[in-house]
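Asker: The primary structure of each chain is shown beneath.
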Amino acid sequence: MRDEYLPFEQCLDRLKHSFLRVTTHEFWGSYIDFQHPSLRDMLLILLQNEPTVRRQYILLASPQGLYDIIQGIPFFGLSPTDDVHTLIIRDEEELDLLCGRIRNVITDTIPANDQSQLLNSAVTLLPRKNKKIINAADVDLGRFLKSPSGKVIDALLQALANENTYRNNLTYKLSNWMDILEKFYQLAPYIVPVPHLSYITSLALQMRETDILDGLRFIYLLSVNEPIVFKQVFSQKLAQQWNKSLITKLDEYSGEGEYLDNISTGDKYDYEEKYSAYVNWKEKAEDLLELATIFYSFSQIQQPDEFSAFEDLLENISPPQQPEEEEEEEEEEDTTYKYKTDKSDKEYWTIERLFEDL
Amino acid sequence: MALKYRLTTLGWYNFEILIQTLLKAIVGPGVTSFGGSKDGGRDATFKGEAPFPSQKTRWEGKWIFQVKYSDVEAVSESAQSKRVLDSFRKEINNIKQRRRSWPDNYILIINLILSATLRDKLRKEFSGAGFRGNFHTIDGREVCEFLDIYPQVRRSFPQLIGLADIEKIINKDLYVRSEAFVSDLQPKLITFVVTSQYFKAHDILRKHHFVVLDGPPESGKSFIGGAITLAYACEEFEIFYTQEPQEIFRAYNASHKQLYFADDAVGTIIFNPNLGDHWSRELPGIIRKLDKNHKLIWTARHYILQEAIDRTKLREYIDNFPGIHEVLVEVGDLTLLERALILYNHTKHSDLSSEAKKIIKEHALFISEHPNFTPERIRQLTKLVLPEIKRELSLKEKQEWFKKIDKFLKNPSERFYKAYREALGTSERAMLIALLDLGRSVNKDKLRSEYERRISTI
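So the sequence lines, in the order shown, correspond to chains A and B. Counting from 1, one number per residue, gives the positions in the first sequence under our numbering. Counting from 1001, one number per residue, gives the positions in the second sequence under our numbering.
Source of the hints: derived by calculation from the structure; they are not laboratory data. Any given hint might turn out to be false.
Here are the simulated DSS-like pairs of lysine-lysine, each with C-alpha atoms no more than 25 angstroms apart in a straight line [to be verified]:
| hint | chain 1 | residue 1 | chain 2 | residue 2 |
| --- | --- | --- | --- | --- |
| 1 | B | K1444 | A | K274 |
| 2 | B | K1047 | A | K282 |
| 3 | A | K16 | B | K1418 |
| 4 | B | K1446 | A | K173 |
| 5 | A | K16 | B | K1257 |
| 6 | B | K1289 | A | K16 |
| 7 | B | K1047 | B | K1062 |
| 8 | B | K1446 | A | K16 |
All chains, full assembly: derive it from the sequences and hints.
Answerer: Written out as structure tokens, the structure is:
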């Protein structure tokens, strides 16, 4: 049967004229799109009446495909409308297929970014009031778990908590896991019983080998969400080691900040460059200060002098001075190019006359 | 010798409008529109002194401008000369009959190249008819020169610009860099119709350096954005067709002129929260970099933009600077003339049989007024539906085709469904489904592996 299928290039050639278009970028290679987005909409409508193809579509969905289908979960059971542009899950049977596919994809080896995206899409399913997410304690969780949104989140989190997810994705860095865990802990309170990450202790052990800032973020996440694991892994020895690294970091950032505080700016583009450097530094510095504050609050280590010096610098640093505004050449108002047709033109150019020369 | 700009693809309506616009720039705003003279002739007039034929030599008095348009580029030189002379003689007789007195200056404008011999013959014809004033011809080559002198007029007619012209107009390095985007867009521009929204978007981009083209599906947002982009390419802007805001930071070069075009910036079909977040985080930084040499165009379907504003920090940004109402152009409503021109351009530049073109001519008003008219449907009508007409039709067949056109405009998807079910095999279907799954602008290698995964599983 497989012999019936066309090779990729041949198949693409057949579809190029009416359905697909290929754009080739020098830097980014070739990209393929539907000839027009409306063709994609039409294909979705067509799928509404093709139960076998729908099943296959769900069973073979890629992480991106799953992401789109999850976005359509709030419309479960409804007919497609002009405002919904994704495959809408029609019934419980399809929902079961979807949950199964989610489990397979999540526990398989997939890029960390896809994992994160899927969790992002699940966040959009949390119950809301006036567009704001309702706290888990104010939600009837038993009822929510029976809803399509609850089932999808449950499937996602149970799969994520599975040991295989960790084993199949050992290449993730701690910073990748941070993105994933933040979403996991945001979603977990809405599921009963609360899913537990079976590999959290293994992850916690990776923390010792990692960059201090990622380590601090991770330990903070643990202290809030996994207090027992936190007690198991956060030793005084580690606290002292991190304190030393943190002081070095505070010194390094202070040096950078002092330099930025004292530089003068030249022309507009020079200013732009320095302003960007200042904004980047400030963002990183605020992040560091926040992490350091948290660290000194739970590590029982006294704040060093470097901490308060850094705090002062951050409070008092001013952005680079904008150079005297060069009079930006006021572009001339174009008065000629907007052609206007007058009454006699409109009388002359009837539709019939316009098409006369065809 | 070919013309620098594709004057012969404009169509006679647009060529007349182009000349009218140029004359207002060269001679002065007092030039009447063609057909504006009281005697009912098809010429433009002017009264007074003007810097024409040059800044130093200024002519004055009563002026007449006449335009001749021919869309046959490939005709032999002698046949062309004969055609021009014949039509010119007719025109002289008309003027004799219509006007009580001769004008002081008579200017003939034509979209083709005139040889020196032909120019001389025309002059002799005119003096032979008793004309004693100034006579001047402007041929296609000179019109192109004027378009170089007045780029703001050229900007109004992006469909003039051919792919080869871009090489002549812009720096070779820039051309290579922007080639992919431009080569995809340029052939389509031949059917482009400048609308009031196109001008509005240009104005906003000039003033704020950032414009958002918003509108329903199939309304032509990307096309307008692309046409503006090409107009900027001709002003030596590097073009960056971008999806992610980070790409702008990577591409940014303070000393180069650059235009970033983010088509469907926050999602093609549905709002993409990731893209929304990225843009809302990076937009303030990008806006700081925009100036007269760095411009940004966004397009977004209306409901996606609304959702992006509701669900991200874009609202905070938009409430501050420059204000959504100031940078937003809503694309959608078209006048009857604009619709008719879209239909005309698609038909004129199609490979349709003369019989199919005849059907369009007969029903041009009906199609242009159709409540379901969209530029994309017209593209499909001329590219996918009407090519089926290959021979002369009987009256009954014509009536059936009229019904088919109406049916297609009302429900274009019907045709797509039929093609999907009857004309496509399992491989093609699998590829379409793979693309549906992967989303927008899918990398070819990614589509290949997804396609192969599917056919090996099914």
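Asker: For each hint, tell me whether it holds in the structure or not.
Answerer: Hint-by-hint comparison with the structure:
1. A threshold of 25 angstroms between alpha carbons decides the hint, and for B/K1444 with A/K274 the separation of about 39 angstroms lies outside it, so the pair is violated.
2. A distance of roughly 65 angstroms separates the Cα atoms of B/K1047 and A/K282; the hinted pair therefore is violated under the 25 angstroms criterion.
3. As the CA atoms of A/K16 and B/K1418 are separated by approximately 18 angstroms, the hinted pair is consistent with the 25 angstroms bound.
4. Of the pairs offered as hints, the one joining B/K1446 and A/K173 holds, with about 24 angstroms between alpha carbons and a cut-off of 25 angstroms not exceeded.
5. Distance restraint check for A/K16 and B/K1257: the Cα-Cα separation of roughly 34 angstroms exceeds the 25 angstroms cut-off, and the hinted pair is therefore not satisfied.
6. Distance check on the hinted pair: B/K1289 and A/K16 sit about 38 angstroms apart at the alpha-carbon level, beyond 25 angstroms; violated.
7. Taking the CA atoms of B/K1047 and B/K1062, the gap is near 5 angstroms; set against the 25 angstroms cutoff, the hint holds.
8. Proposed proximity of B/K1446 and A/K16 is supported: the alpha carbons are some 17 angstroms apart, at most 25 angstroms.
Comparing the model with each numbered hint stated earlier shows that hints 1, 2, 5 and 6 do not hold.
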